[in-house]
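The lines below spell out each chain.
Number of protein chains: 2
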Amino acid sequence: MAAEQDPEARAAARPLLTDLYQATMALGYWRAGRARDAAEFELFFRRCPFGGAFALAAGLRDCVRFLRAFRLRDADVQFLASVLPPDTDPAFFEHLRALDCSEVTVRALPEGSLAFPGVPLLQVSGPLLVVQLLETPLLCLVSYASLVATNAARLRLIAGPEKRLLEMGLRRAQGPDGGLTASTYSYLGGFDSSSNVLAGQLRGVPVAGTLAHSFVTSFSGSEMLAPAAGEGPGVDLAAKAQVWLEQVCAHLGLGVQEPHPGERAAFVAYALAFPRAFQGLLDTYSVWRSGLPNFLAVALALGELGYRAVGVRLDSGDLLQQAQEIRKVFRAAAAQFQVPWLESVLIVVSNNIDEEALARLAQEGSEVNVIGIGTSVVTCPQQPSLGGVYKLVAVGGQPRMKLTEDPEKQTLPGSKAAFRLLGSDGSPLMDMLQLAEEPVPQAGQELRVWPPGAQEPCTVRPAQVEPLLRLCLQQGQLCEPLPSLAESRALAQLSLSRLSPEHRRLRSPAQYQVVLSERLQALVNSLCAGQSP
Amino acid sequence: MAAEQDPEARAAARPLLTDLYQATMALGYWRAGRARDAAEFELFFRRCPFGGAFALAAGLRDCVRFLRAFRLRDADVQFLASVLPPDTDPAFFEHLRALDCSEVTVRALPEGSLAFPGVPLLQVSGPLLVVQLLETPLLCLVSYASLVATNAARLRLIAGPEKRLLEMGLRRAQGPDGGLTASTYSYLGGFDSSSNVLAGQLRGVPVAGTLAHSFVTSFSGSEMLAPAAGEGPGVDLAAKAQVWLEQVCAHLGLGVQEPHPGERAAFVAYALAFPRAFQGLLDTYSVWRSGLPNFLAVALALGELGYRAVGVRLDSGDLLQQAQEIRKVFRAAAAQFQVPWLESVLIVVSNNIDEEALARLAQEGSEVNVIGIGTSVVTCPQQPSLGGVYKLVAVGGQPRMKLTEDPEKQTLPGSKAAFRLLGSDGSPLMDMLQLAEEPVPQAGQELRVWPPGAQEPCTVRPAQVEPLLRLCLQQGQLCEPLPSLAESRALAQLSLSRLSPEHRRLRSPAQYQVVLSERLQALVNSLCAGQSP
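Listed in order, the protein sequences are those of chains A and B.
So in the working numbering, spot 171 of the first sequence is number 171, and the numbers just go up one at a time.
In the working numbering, each residue carries its 1-based index in the second sequence increased by 1000.
Hints should not be assumed to be uniformly reliable.
To be verified - Okay, the calculated bits of chain B under chain A, using three or more residues with CB under 8 angstroms as the criterion:
{"id": "1", "segment": "1133–1146"}
{"id": "2", "segment": "1187–1199"}
Stated by the list, open to error - Stretches of chain B that chain A covers, calculated by requiring three or more beta carbons in the stretch to come under 8 angstroms of a beta carbon on chain A:
{"id": "3", "segment": "1022–1029"}
{"id": "4", "segment": "1036–1048"}
{"id": "5", "segment": "1172–1184"}
{"id": "6", "segment": "1267–1281"}
{"id": "7", "segment": "1387–1394"}
As the list claims (entries may be wrong) - Below, simulated EDC-like cross-link-like pairs (lysine to aspartate or glutamate); rule was C-alpha separation at most 20 angstroms, straight line:
{"id": "8", "chain 1": "A", "residue 1": "Lys409", "chain 2": "B", "residue 2": "Glu1304"}
{"id": "9", "chain 1": "A", "residue 1": "Lys163", "chain 2": "A", "residue 2": "Asp354"}
{"id": "10", "chain 1": "A", "residue 1": "Lys409", "chain 2": "B", "residue 2": "Asp1354"}
{"id": "11", "chain 1": "A", "residue 1": "Lys328", "chain 2": "A", "residue 2": "Glu367"}
{"id": "12", "chain 1": "A", "residue 1": "Lys409", "chain 2": "B", "residue 2": "Asp1318"}
{"id": "13", "chain 1": "A", "residue 1": "Lys240", "chain 2": "A", "residue 2": "Asp318"}
{"id": "14", "chain 1": "A", "residue 1": "Lys240", "chain 2": "A", "residue 2": "Glu258"}
{"id": "15", "chain 1": "B", "residue 1": "Lys1409", "chain 2": "A", "residue 2": "Asp315"}
{"id": "16", "chain 1": "B", "residue 1": "Lys1240", "chain 2": "B", "residue 2": "Glu1304"}
{"id": "17", "chain 1": "B", "residue 1": "Lys1409", "chain 2": "A", "residue 2": "Asp354"}
{"id": "18", "chain 1": "B", "residue 1": "Lys1409", "chain 2": "A", "residue 2": "Asp318"}
The hints are simulated quantities; they were obtained by calculation from the structure and are not laboratory data.
The beta-carbon is built from N, C-alpha and C at its ideal position, and this holds for glycine as well.
Generate coordinates for the entire structure from the input sequences, incorporating the hints supplied.
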């Protein structure tokens, strides 16, 4: 799709979504005659998030959208002029007005790939001034997307393959597109669906949702329901539910006055609108004395008309314990009323579910079927930022390195290629970085590589070698269609399944290794020693 | 400004930015003939964030923008039709197409007000179907804005009034408008400026920024700088800096070859672009052996031409310790080279500064002047979500209440008014909620009020009474111009200054009290007892 036809491009493409220092540096480069020097930056992170040993790469589709639409409008340039020194040469602003990404080339880890510390998620090359300006927006678009995809993947690993995971964190997100990003990339990371309708509309994420407590409390039981018209059940569902209620209460040993009539009216109203997708929210008043009998009454009335209720939702209390007991009630009622489908009505739970609570809900024998997660997936509370960085690695064809006294902040110089070395079973052994001009490593050949901080190289003989970075934009042109979100999701699941159990652990003392080729290590050494390469 | 002239309205106004269950409930209400029932919702939070005893209300300007532009486009309705049952009555979609907020009325806590648990930040009334649909976007827009404003206010309280606080977290935010929201509302909460240019352009937040390590590493020292043209210093600054370097190195006891020539070239290039705002980033190579002497050489060369360097920035290592030592060097050099202004060059620090690190940097005698905070202010890592809720309190003029078995999740029924009761010194004593129809409490009169969970009422005689909620939108019309962001920021500072020291504490065991009027308490009691009010 051309950028100008993309309905999201306009919203995404705010070139001033950047730190002011990108603009001041741009003036500095321009003033020094270096605006068009060929430069290359790498975007990467330094540690896997959440104490784990893997991350998923994500955010590339947002970056591509941003880059293709990147252009400073007159109003943008005028604003920059208002915050830069008043005596700034007007020719600088003319330069800005003409900027776009038509000379920018991007190599990237495909979305859904496993990503490890120091291995570039993006390599961005082009004129120094432009690629510098892109730093902040690219970090903003990649870091959170990758963080939330990784977080979702962890939650999926905890939940196992069977439980359905619904992302419902829009209200907890950092504003509108925090929510959109979270919904998009938690799906990529392994969730099944999202409550966020916009993510469905714009990104094709499957959407899901039924009713909230406000729907239930809005009914008192005295309302006249609009008569069932058209395709709905053409009978008085409320009256039928009332008849069933008596049987249900007798079966459960409850007084027929106990279940709240407003709740029942709300369930009937919902069932009239969704006869084929009826779901009850059980805990507005009392699960056992009201929500469950009302649900059963309406579900059995619907069942009599040939419709099968879909599920119940719990949003408070001990979710696992209640699910076990509700399943027992469903089984007993299925036998009692001879409606076998009632046994397998879905039990949906939500309410501040974090990794620990999820592990409990996903345990062997749990009767929970669907788990809604909001805050914990969207805000990534264990580590709310990936800490991505964007570092200059070459300019004018010469490698560049930050040689700070803080060793963790040192960078790896030079334009690089990255490979994943795989064992004979296809599992990743380590990632290797080398200089771009080095020959591609061959499967089956012994390689001498340098682990970080090692005094000696070690050798490895990979059964397979995968190049990691794909040419994505070349001189501003998209090189191949981006995979669909669902394809990237499938890649994520496949990638995770190949990762060793040790590296898939949620708290991994064993970090996956990223190693340097001998020539790259030699370059680092020479720059550290203050020699030019 | 009319919504249609607002350049942000288009981006903000995505009515499908909502949870699907809002749409399914909308169909349920419509199907039950209740779409136009008069309803009222309240948006509030249940606990002050971060273990403190206060929060700041924020996000109202984003809500107003959203509400005024709210309208479902054809494509939106078509998308909803694609995810709702295929046999849904087409008249429902016609109803959706005609929706707007022209019958919606909003009362709100002004931005920058102190906000406490259970006191509505927004009261939203209008047709049930519409005000239900607004739940998720309003929560999304208010919760994070209030959270980050509160977080910023805490950081300001720690920093004290003198230190300058720069928000620089765009790259750590949840996507583009997570960053825009963070920059806007951290300014409201008490920060001085933001690095985010878009926040300057769209919101009028003061912007700040200078240079990053990439600028420094992009220079090797062998580049030809473009000759100084126009307004810059009309001399060879690089040559002048070289001359000064010898004096500086002699003064500091360093070899003249030690400071990195590329770093010096970068500083010269930056100084040529910003002769009146020169700032050096000191830690690309080595602060003591390179960054500091290079900065001094360029600053002294500039000084000779009549320009005063503005500051230095440190981004690694022990920031406080380095600042103290750098200030000593500045003082000694100021004396040695007879340039008194050098003593007071700003020392700017950044690098993962959280509340604890900030407290250390702000201690008595600290030589740090400006503190840049990114991750800690933007991601609110201590508690990344406010946990705001939006609850139905009345429908068809009748109070509504969620009577769940989880007492914390119970709601307060009825259309309410809220007042702040103040002592004679203007400090807030408690907030009081009462039914909307009750008479306004009078200053100086004794009031009987119910603290939460109390068995008995207590009495209070406030010296002053402030109504808390202002009519903001009436039937979709803005009632008064919203205050500017700077005005809301001033209100926040004033409000915080009046809060008692006990409630201003960052970990407050003493929570500020929110009490109910006798009639509101009686309504709660009657609904809990299952009686109709």
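The hints, checked one at a time:
1. 1133–1146: Coverage by chain A holds for the segment 1133–1146 of chain B (9 residues, Cβ < 8 angstroms).
2. 1187–1199: holds (count 4)
3. 1022–1029: holds (count 7)
4. 1036–1048: Coverage by chain A holds for the segment 1036–1048 of chain B (3 residues, Cβ < 8 angstroms).
5. 1172–1184: holds (count 11)
6. 1267–1281: holds (count 7)
7. 1387–1394: holds (count 5)
8. A:Lys409 / B:Glu1304: violated (35 angstroms)
9. A:Lys163 / A:Asp354: holds (15 angstroms)
10. A:Lys409 / B:Asp1354: OK: Lys409 (chain A) and Asp1354 (chain B) at ~19 angstroms, within 20 angstroms.
11. A:Lys328 / A:Glu367: holds (10 angstroms)
12. A:Lys409 / B:Asp1318: holds (14 angstroms)
13. A:Lys240 / A:Asp318: Violated: Lys240 (chain A) and Asp318 (chain A) sit about 32 angstroms apart, past 20 angstroms.
14. A:Lys240 / A:Glu258: holds (18 angstroms)
15. B:Lys1409 / A:Asp315: It holds: about 10 angstroms lies between the C-alpha atoms, which stays within 20 angstroms.
16. B:Lys1240 / B:Glu1304: Answer holds: Lys1240 (chain B) to Glu1304 (chain B) is near 9 angstroms, not above 20 angstroms.
17. B:Lys1409 / A:Asp354: holds (19 angstroms)
18. B:Lys1409 / A:Asp318: Since the Cα atoms of Lys1409 (chain B) and Asp318 (chain A) sit roughly 14 angstroms apart, the hinted pair holds (cutoff 20 angstroms).
When each numbered hint is compared with the structure, violations occur for hints 8, 13.
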